[in-house]
Amino acid sequence: MGNGGHNFGTNHDWLLARGTGCSSSSAGGTPSMDDCSVRLVRQLPCSGKAAIIYEAVLDSSAGDSSGSRSCVAKLFYPESSSSIAQYRSELSSYRKLERANAVTFFPRLFGCTMYTGQRPCLLLELATGGCLSDQLADRCYSWSDFCRLACALCAAVAQFHSIGRAHCRLETASFVLRGPLAPLLVGLSGFWSTVGSHLRYAAPELLAASQQTPQHHNQKRNGKLHQQGQGSFNLEQLMAADSYSLGLILWEVATRCSAFYDKSESPPSYAPVFSDRLKVRSSSASSADSSAQRTLTASQARAALLRPGLDYLSTANPLSASLTLPVQNHPALPFIAETLAECWTPASVGKRLSPASLHARFSSLAPNFV
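If you're matching positions, the sequence shown starts at 1 in full-length UniProt numbering and goes up one per residue.
Hints listed in this document are in silico derivations from the structure and should not be mistaken for laboratory results.
Even glycine gets a Cβ: it sits at the ideal position worked out from N, Cα and C.
Don't take each hint at face value.
Derived Cβ-Cβ restraints for the label pairs, each shown as a range [said to hold, decoys possible]:
#1 Ser232 x Glu55: 34 to 44 Å
#2 Arg42 x Thr104: 22 to 32 Å
#3 Gly350 x Pro45: 35 to 45 Å
#4 Pro367 x Glu79: 48 to 58 Å
#5 Val103 x Gly130: 15 to 25 Å
#6 Ser70 x Ser264: 40 to 50 Å
#7 Gly67 x Ser232: 26 to 36 Å
#8 Pro331 x Arg139: 22 to 32 Å
#9 Gly164 x Ala360: 37 to 47 Å
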C-alpha cells in the first residue's frame, strides 16, 4: 500500500507509539508499559501529497480499562522537507489547542511517534461520520439542524484562530464528523498549496498569488508570514481568507436546508460552489487519472475562479446563477444572505466577517426565526 512511491507497509505492520509524546522504535522492539501498539488496518482515501493516512487500531499495553480503540495514523514522508514541516506545524497546532483548552472541534491527539524507519506520525481520533462533503450529498437539514451545524462550523474555525493560526485550506472535506452535527476541523498545518479541490473555496487574493508562481509556497516557523507566489500574507490576511472560504461552505450547507424550499418538494441535489465552472473529481478515478485531473483543476481554477468578491444581493453579478440561495420566502434568508456577503468583502475594500462574529450571528438565528 503506497502513495507517490512511498511504501508504508501492509495491515501486518505495527507502530510503537508512546501515548503522550514522541518516541522511536526499531523493528522488533518491545514496547514498555508506557507504550501502545498501533496496527495499520487500511489506507484512507483522504491521503495526500504530504502524508498517507490509515485507519488503525490502538492497543494499550499498560493494562488500562480503555482497551482497543480505532484511530487514525497520519504518516508523513521523512525525505520531504515540506512534509516534515507540515508534521511539525500540525503537531504544534494540536499542542497549542490543548494548552488553550480549545479542543472541542478537533480530533483528539492520542500521541505522536516515529514509525519504524523514523517516519513521523500523528495518532488521532477516528471520526466515524465521514466528511462534511459526503454528508451534504446524502442528507438535508431541518431548520434547527442547519442552525446547529452552521454554529459548529463557525466555532471550529474561530477556536483555531484563537490560538493564532490560520487554516489556509478550508473546504467541505476539511471537516470530518464525530456525529451528524458534530464537525471536527482537520488539516491544521497552515500551509496552502495550489493543488486540490480547496481551490474552489480559496479567496481571490490567494488565487491571484498562486497564478504568479503556482508551485511555490512557504511558511516561516513562527507562523506569522506565509508566502504564496510573489505575494506575502500576514496572519490577519490569512484569517480573512479563511472567512471567505467559510462563507462558501456555509452557503453550501444553506442549500441543503429543507426549510428554504416549498414543503411539497425536496432540495435539489448537492452541488458544490461554482459547479458551473469547475467539475467535481470522481473518487473512483485511478490514481494516475486523479493526479492529472488535479493538475487540470488547478490550472482551470486560477482562470475560472479569480473574482473580485461575491454579493448574493447583486443580480448584475455574473456569478449570481451559481451562487443563489433558495428563493422560498423564508424570513431568515435576507439575514443569511447579508451575513454571508460580509464574508466575501474584497480584501482591498474592507474587513470580512470573522468566524467568531459569524458564530454569534448564526447563534441568533434559531430563536429569532422559527
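Here is how each hint holds up against the structure:
1. Evaluation of the 34 to 44 Å hint for Ser232 and Glu55 yields a pass: the beta carbon distance comes to about 38 Å.
2. With their beta carbons about 28 Å apart, Arg42 and Thr104 fall inside the hinted range of 22 to 32 Å.
3. Between Gly350 and Pro45 the CB atoms are about 39 Å apart, so this pair conforms to the stated range of 35 to 45 Å.
4. About 54 Å separates the C-beta atoms of Pro367 and Glu79, a value consistent with the hinted range of 48 to 58 Å.
5. Checked against the hint of 15 to 25 Å, the C-beta distance between Val103 and Gly130 comes to roughly 21 Å, which is consistent with it.
6. Distance hint check: the CB atoms of Ser70 and Ser264 are about 42 Å apart, consistent with the given range 40 to 50 Å.
7. A hinted range of 26 to 36 Å is violated for the C-beta pair Gly67 and Ser232, which are about 49 Å apart.
8. For the pair Pro331 and Arg139, the supplied restraint of 22 to 32 Å holds, since their beta-carbon distance comes to about 24 Å.
9. Remark: the range hint 37 to 47 Å for Gly164 to Ala360 is contradicted by a beta-carbon distance near 20 Å.
Going down the numbered hints, you'll see the structure goes against 7 and 9, while the others check out.
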